[in-house]
Amino acid sequence: VAEQFGTLATLYPNRIELGLGRAPGTDQMTMRALRRGRQETEDQFPQDVLEILHYFKDAEPNQRIIATPGQGTHVPVWLLGSSLFSAQLAARLGLPYSFASHFAPRMLKQAIQLYRENFEPSEYLSKPYVSMGVPTVVAETDAEAEYLATSAYQRVLGLMRGQSLKLKAPIASMDGLWSPAEKMSVDSFYAMAQIGSNGTVKEGLKQLLLEYDVDEFIFTCDIYDTDKRLENFERLMQIKNS
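Under the working numbering, the residue at position 235 of the sequence shown is numbered 235, and the numbers go up by one with no gaps.
Derived from the structure by calculation, the hints contain no laboratory data. All of these numbers come straight from a predicted model, not from anything done at the bench. A virtual CB, placed ideally from N, CA and C, is assigned to each residue, including glycine. Treat the hints with care, since some could be wrong.
What the hints assert, rightly or not - Within a straight-line C-alpha distance of at most 27 Å, the following computed BS3-like cross-link-like pairs (lysine-lysine) qualify:
1. K166 <-> K183
2. K206 <-> K127
3. K240 <-> K183
4. K240 <-> K228
5. K109 <-> K166
6. K202 <-> K228
7. K168 <-> K109
8. K57 <-> K109
9. K206 <-> K228
10. K183 <-> K109
11. K183 <-> K206
12. K127 <-> K109
13. K109 <-> K228
14. K183 <-> K168
15. K202 <-> K183
As the list claims (entries may be wrong) - Quick list of the computed label-pair ranges, beta carbon to beta carbon:
16. S179 <-> E123: 47 to 55 Å
17. R161 <-> Q110: 39 to 47 Å
18. Q4 <-> K127: 37 to 45 Å
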């Protein structure tokens with residue numbers, strides 16, 4: 001990992017950051033095949049973070065293992081999480097923290113509070129620095145945005161049902177496709193989502209800033225049409241500059 005991101009940092013100076021999380025990144029069957037159990041991941045993760053940080057620092061005298069490239073690149077490292085574990089670790093190590101509220105918003109406020117209250121200044125940061133994930137669908141009108149968002153709704157519904165996660169084309173209405181209970185679950189999944197026109201999304205982002213006071217937003221976007229997806233981010237930039 002250090003060498004991969006060291007390579008990127010060498011090719012693109014001051015543009016690369018590394019986010020580290022303890023999730024295995026795969027299903028249970030594949031995780032077992034890789035001999036990577038959940039308990040092992042939790043126990044080893046803090047040491048793994050320290051090891052990565054060490055590889056990005058300047059080499060020490062007589063250091064035997066060198067990340068090449070990587071050593072001395074000082075790639076900024078974030079800790080990622082959707083629970084309290086990474087919030088506590090990020091605070092203890094004095095690292096920036098990014099919460100996965102784009103798919104697991106339930107513990108966002110508690111995790112940010114825990115991180116800020118327990119933060120210890122370090123060589124990396126003098127004070128807490130937090131980002132949060134925000135799903136977005138920004139379009140010309142609120143109605144168009146809601147229509148485009150049905151692709152994202154279908155994907156999460158498929159996840160809940162153990163079906164394909166392939167992004168589907170938008171549909172006129174989700175009525176009849178999901179049950180009331182499933183709709184509530186999808187709405188909970190997308191509790192932080194900002195869907196609408198530029199004006200609607202701008203007001204929504206203002207409310208998120210007021211409530212959580214984060215330093216950065218990380219935007220995600222599940223829009224089926226590539227041009228509309230690009231337009232989404234163009235509109236987010238318009239909102240930022242307005």
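Results for each hint:
Distance restraint check for K166 and K183: the Cα-Cα separation of roughly 19 Å lies within the 27 Å cut-off, and the hinted pair is therefore satisfied. Between K206 and K127, the direct Cα distance comes to roughly 23 Å. Compliance with the 27 Å bound is thereby established for this hinted pair. The hinted pair formed by K240 and K183 fails the criterion: a straight-line CA distance of about 31 Å is larger than 27 Å. For a cut-off of 27 Å, the pair hint linking K240 to K228 stands: about 18 Å separates their Cα positions.
Restraint check for K109 and K166: not satisfied, since their Cα atoms lie roughly 31 Å apart, outside the 27 Å limit. For the hint linking K202 to K228, the alpha-carbon distance of about 18 Å falls within 27 Å, and the restraint holds. For the hint pairing K168 with K109, the CA-to-CA distance comes to about 32 Å; that exceeds 27 Å, so the pair is violated. Of the pairs offered as hints, the one joining K57 and K109 is violated, with about 32 Å between alpha carbons and a cut-off of 27 Å exceeded.
Distance restraint check for K206 and K228: the Cα-Cα separation of roughly 23 Å lies within the 27 Å cut-off, and the hinted pair is therefore satisfied. For the suggested pair K183 and K109, the alpha carbons sit about 23 Å apart, so the restraint of at most 27 Å is met. In summary, the hint linking K183 to K206 is supported, as the alpha carbons are separated by about 26 Å, within the 27 Å threshold. With a C-alpha separation of about 18 Å, the suggested pair K127 and K109 falls inside the 27 Å cut-off, and the hint holds.
Taken as a hint, the K109 and K228 pair is broken in the structure, with Cα atoms around 31 Å apart against an allowance of 27 Å. Between the alpha carbons of K183 and K168 the distance comes to roughly 17 Å, so the proposed pair stays at or under 27 Å and holds. Of the pairs offered as hints, the one joining K202 and K183 holds, with about 25 Å between alpha carbons and a cut-off of 27 Å not exceeded. Between S179 and E123 the beta carbons are some 52 Å apart, a value that agrees with the proposed interval 47 to 55 Å.
In this structure the hint that R161 and Q110 lie 39 to 47 Å apart at CB is violated, the actual value being about 29 Å. A C-beta distance of roughly 30 Å is found between Q4 and K127, which places it outside the suggested range of 37 to 45 Å.
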